[in-house]
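Protein sequence lines, in the order shown, are assigned to chains X and H.
Residue numbers are given in this note's numbering: position 272 of the first sequence equals residue 272, and the series is strictly consecutive.
Residue numbers are given in this note's numbering: position 14 of the second sequence equals residue 14, and the series is strictly consecutive.
Hints were generated in silico from the structure; no laboratory data involved.
Treat the hints with care, since some could be wrong.
What the simulated footprint calls covered on chain H by chain X, stretch by stretch (three residues with Cβ under 8 Å from a Cβ of chain X suffice, anywhere in the stretch; the number is not a length) [unchecked claim]:
#	stretch
1	126 to 138
2	195 to 201
3	224 to 237
Derived DSSO-like pairs (lysine-lysine); straight-line CA-CA distance at most 27 Å [to be verified]:
#	chain 1	residue 1	chain 2	residue 2
4	H	LYS42	X	LYS58
5	H	LYS263	X	LYS263
6	H	LYS76	H	LYS151
7	H	LYS58	X	LYS42
8	H	LYS58	X	LYS127
The beta-carbon is built from N, C-alpha and C at its ideal position, and this holds for glycine as well.
Number of protein chains: 2
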Amino acid sequence: MKTFHDCIPCLMRQTIQAVRQISDDEQLIERVLRSALFLASKMDYSQTPALIGREIHKLIREETVNNDPYAEIKHKANDIALAIAPAIREEILASDNPLQMAIRYSIAGNILDFALYNGWDDERFRKSLHSSRTKNIDQQQLEILQAEIEKAENILILGDNAGETVFDRLLIEQLMPKQITYAVKGYPVINDALRQDAIFAGIDKFATIIDTGLDCAGTILSMCSRAFLDIFYNADLVIAKGQANYETLFNCPRQVFFLTQIKCSVIAQDLDSNVGDWVIASTQ
Amino acid sequence: MKTFHDCIPCLMRQTIQAVRQISDDEQLIERVLRSALFLASKMDYSQTPALIGREIHKLIREETVNNDPYAEIKHKANDIALAIAPAIREEILASDNPLQMAIRYSIAGNILDFALYNGWDDERFRKSLHSSRTKNIDQQQLEILQAEIEKAENILILGDNAGETVFDRLLIEQLMPKQITYAVKGYPVINDALRQDAIFAGIDKFATIIDTGLDCAGTILSMCSRAFLDIFYNADLVIAKGQANYETLFNCPRQVFFLTQIKCSVIAQDLDSNVGDWVIASTQ
């Protein structure tokens, strides 16, 4: 997906927010914002938002001399998600269809996205979790995904955010004893999950963790390692979490199931949905 | 008020939206957006948002070779507001306190702001109107304003948006037979009311219309004409509509009553309120 013009103001907002994660020095915020505005004025918008965002977030890391501005909020998301995991696991196990309920919670966990929301919002997080049982999602797609899961022997899950990893782990528990691979990012970008976040969530007990080798949101296949691509193309089923994976894989040459919350009008339009919707979509 | 860093992404969003008012040519939108990004990267943020916005909207007008990109939406706002005016007038007249109800509707009309909202939204407009009777506003401030109005012989109202002018006219009817001056902008900027919008609303039947002489939102006193300043400083009471007037006059050397809806977090923070609130505030 190319970068829409509407993505640019959003990336400028992200820039301010990213610097605020680590500093309240208004002069620093201003310097980085000015650099980002200048950079954005001459970028190639035919690239996917993930690549545009990669350049912006690289600039932020360089100008703030901080390799991981979202480190603290990732820790917070991990801690909060882990604390509520036992109660959610119980609810999943007690439900009529534990796999479908686990899929629902995995989408619920996609609320933990700090590129699009400013800072932590306990209230929104609780609301999103609370709606997991009843939130309207395409039941037909859910059934199709369940059937694909049941058929598959090995499944690749492309993770999205730190903390969301805990919810993905609860889903992975329901996928046992299948062979699961869980992909994280290779380097810090926004609050995307890294290997350490997947391990913190206990995913290593159930799945092989790999990384894309990249420092950008989503999964840009042309830049991924050979090892990653082998797994991507040979998995029986690929489940991709979050908008950035949709943006980068919506037209890829194999079937991918996307689980995401719709967080911006650009993606809403593309998926014929509304901001706030929960979507299960597949490429083919 | 200086320009907050958060204002910059908002102005970039406005840029895209302004060009879309007159064209769906994505290449044109991109060209103007890139110019605005470049301009914003080197602007003086110690200026008020109205001045920063003025430079951006000047650029938009120049690059689109269109002197008034919001002309069509201003017409629409005028038409819709005028069509519902008789029903609202009846409601004002039938209420226990027509002046207070007219003030409420004048604030309700401030929803007609296309800098902050994308395009026309019938639903939001209807909701805003519907809440006029009961929307929570500071009753003490309302009483103070009513008392100031009753005391005043001549009143200056600083208008904000086209269409909102119709609601201001309904307020002005309740101010009769006082001597009223109604100020509009001197040149097109966003969807701010011009002389023709005030006349369309019939304000010329009740008030003297003047203009600030400026092509920027709000009222930047240091740039206003001597004629305007004479009226501004000699009025018994000044009522200023909308956020931009607050941004430019909050620390001016005379008392001003602001009537506005809170439309962004920057102003919300400054006025210790929330986005969506309706505010009556005064400088002293």
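Tested hints:
Residues of the stretch 126 to 138 of chain H with a Cβ under 8 Å from some Cβ of chain X number 0, which does not satisfy the need for three, so the listed coverage is violated. Requiring three or more residues with a Cβ within less than 8 Å of a Cβ of chain X, the coverage given for the stretch 195 to 201 of chain H is violated, as only 0 such residues are present. For the stretch 224 to 237 of chain H, the proposed coverage by chain X is not satisfied: 0 residues have a C-beta within less than 8 Å of a C-beta in that chain, short of the threshold of three. Among the hinted pairs, LYS42(H) with LYS58(X) is consistent with the structure: their alpha-carbon atoms are about 21 Å apart, no more than 27 Å.
Distance check on the hinted pair: LYS263(H) and LYS263(X) sit about 20 Å apart at the alpha-carbon level, within 27 Å; holds. Simply put, LYS76(H) and LYS151(H) have alpha-carbon atoms about 36 Å apart, too far for the 27 Å limit, and the pair is violated. Between LYS58(H) and LYS42(X), the direct Cα distance comes to roughly 21 Å. Compliance with the 27 Å bound is thereby established for this hinted pair. Only pairs whose Cα atoms come within 27 Å are accepted, and LYS58(H) paired with LYS127(X) is rejected, the gap being roughly 43 Å.
Consistency note: the structure conflicts with the earlier hints numbered 1, 2, 3, 6 and 8.
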